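**Q** Sequence:
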Amino acid sequence: MQRLIFSTPLSLKASLDLPIFRRHFGSTLHYPLRFFSGKTESSNRAATELSRVDSLVNGCDYNHWLVVMQPPENYPQRQEIIQYYVTTLAMALGSEKAAKESIYSVSTKYYYAFSCKITENVTHKIKSLPRVKWVLPDSYLSPCESGYGGEPCVDGEVVPYEEKYHAEWLRDAYDDESKEITSSRKPRRKRRGSRNPCATTD
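The sequence shown maps to residues 1 to 202 in this note's numbering.
Accuracy of the hints is not assured; some may be wrong.
[Claimed, not checked] Straight-line Cα separation of at most 27 Å, DSS-like style, residue types lysine-lysine; simulated pairs:
| id | residue 1 | residue 2 |
| --- | --- | --- |
| 1 | K125 | K164 |
| 2 | K117 | K127 |
| 3 | K100 | K117 |
[As the list claims (entries may be wrong)] For each label pair, taking beta carbons as the anchor points, the in silico distance ranges come out as:
| id | residue 1 | residue 2 | range |
| --- | --- | --- | --- |
| 4 | A98 | A167 | 27 to 35 Å |
| 5 | Y75 | T119 | 30 to 38 Å |
| 6 | N74 | H124 | 26 to 34 Å |
| 7 | L129 | E163 | 25 to 33 Å |
| 8 | A167 | N121 | 28 to 36 Å |
| 9 | H124 | P160 | 20 to 28 Å |
| 10 | Q77 | P152 | 29 to 37 Å |
| 11 | D155 | Y110 | 33 to 41 Å |
| 12 | D155 | G94 | 31 to 39 Å |
| 13 | K109 | G156 | 27 to 35 Å |
What the hints contain is simulated information worked out from the structure, not anything from laboratory work.
Note that the structure is a prediction, hence the values are computed from the model and not measured.
Every residue, glycine too, gets a C-beta built ideally from N, C-alpha and C.
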């Protein structure tokens, strides 16, 4: 059965503008991006049946996926966040052991997400799980690298935290903030004939 592929909603487009997605997708991401949905939508919504597009985004192989989660509540410790990722994925895979073997990187500080190696069919299960926001194809950090971003996992265990794992995300966030500050500082033109309101006339 062919999947229905719908144009990206505005809420997803707004999320894709965040540094996390530009870090993963970079300049290869162009609108209108299309995403996979396993649900039947209203007939008022434009939908087109399309076959799979293997080169939707450079560096994606549809075996590596980025699962973006809702921010955790009550400021949990890093290990608690990681365990929540494992528990979430275990609901789709059937065991925590399989989940740990599947997860190859996490993010526990600037954004909340984990990357896992799974088949595309499993992504539909994950999308329906509690507190899951988006499930998107993960991509290489750059065309010249075969690695993925985030805090890496080795043999099912997440390595100790280091800021270097989010260096590119921080750089993107800083660039965004600088652009906003620059755009808000628009030069003001002086009006002709303006006078100092405190000036006195003889």
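**Q** Look at each hint and say if it fits the structure.
**A** Hints, verified against the model:
1. Note on K125 and K164: the hinted pairing is violated, with a Cα-Cα distance of about 32 Å set against a maximum of 27 Å.
2. Restraint check: the Cα-Cα separation between K117 and K127 comes to about 15 Å, which is no more than 27 Å; the hinted pair holds.
3. Simply put, K100 and K117 have alpha-carbon atoms about 10 Å apart, close enough for the 27 Å limit, and the pair holds.
4. Between A98 and A167 the C-beta distance comes to about 31 Å, which sits within the given range of 27 to 35 Å.
5. Y75 and T119 have their C-beta atoms about 34 Å apart, which keeps the hinted 30 to 38 Å range intact.
6. Checking the proposed 26 to 34 Å range against N74 and H124 shows it holds: the Cβ atoms sit about 30 Å from each other.
7. Checked against the given bound of 25 to 33 Å, the beta carbons of L129 and E163, roughly 30 Å apart, stay inside it.
8. For the pair A167 and N121, the beta carbons lie near 34 Å from each other, so the given range of 28 to 36 Å is met.
9. The given range of 20 to 28 Å is broken by H124 and P160, whose C-beta atoms sit roughly 34 Å from each other.
10. Taking the beta carbon of each, Q77 and P152 are about 19 Å apart, not inside 29 to 37 Å as hinted.
11. A beta carbon spacing of about 25 Å between D155 and Y110 contradicts the range 33 to 41 Å that was offered as a hint.
12. A hinted range of 31 to 39 Å for the beta carbons of D155 and G94 is inconsistent with their spacing of about 20 Å.
13. For the pair K109 and G156, the supplied restraint of 27 to 35 Å is violated, since their beta-carbon distance comes to about 21 Å.
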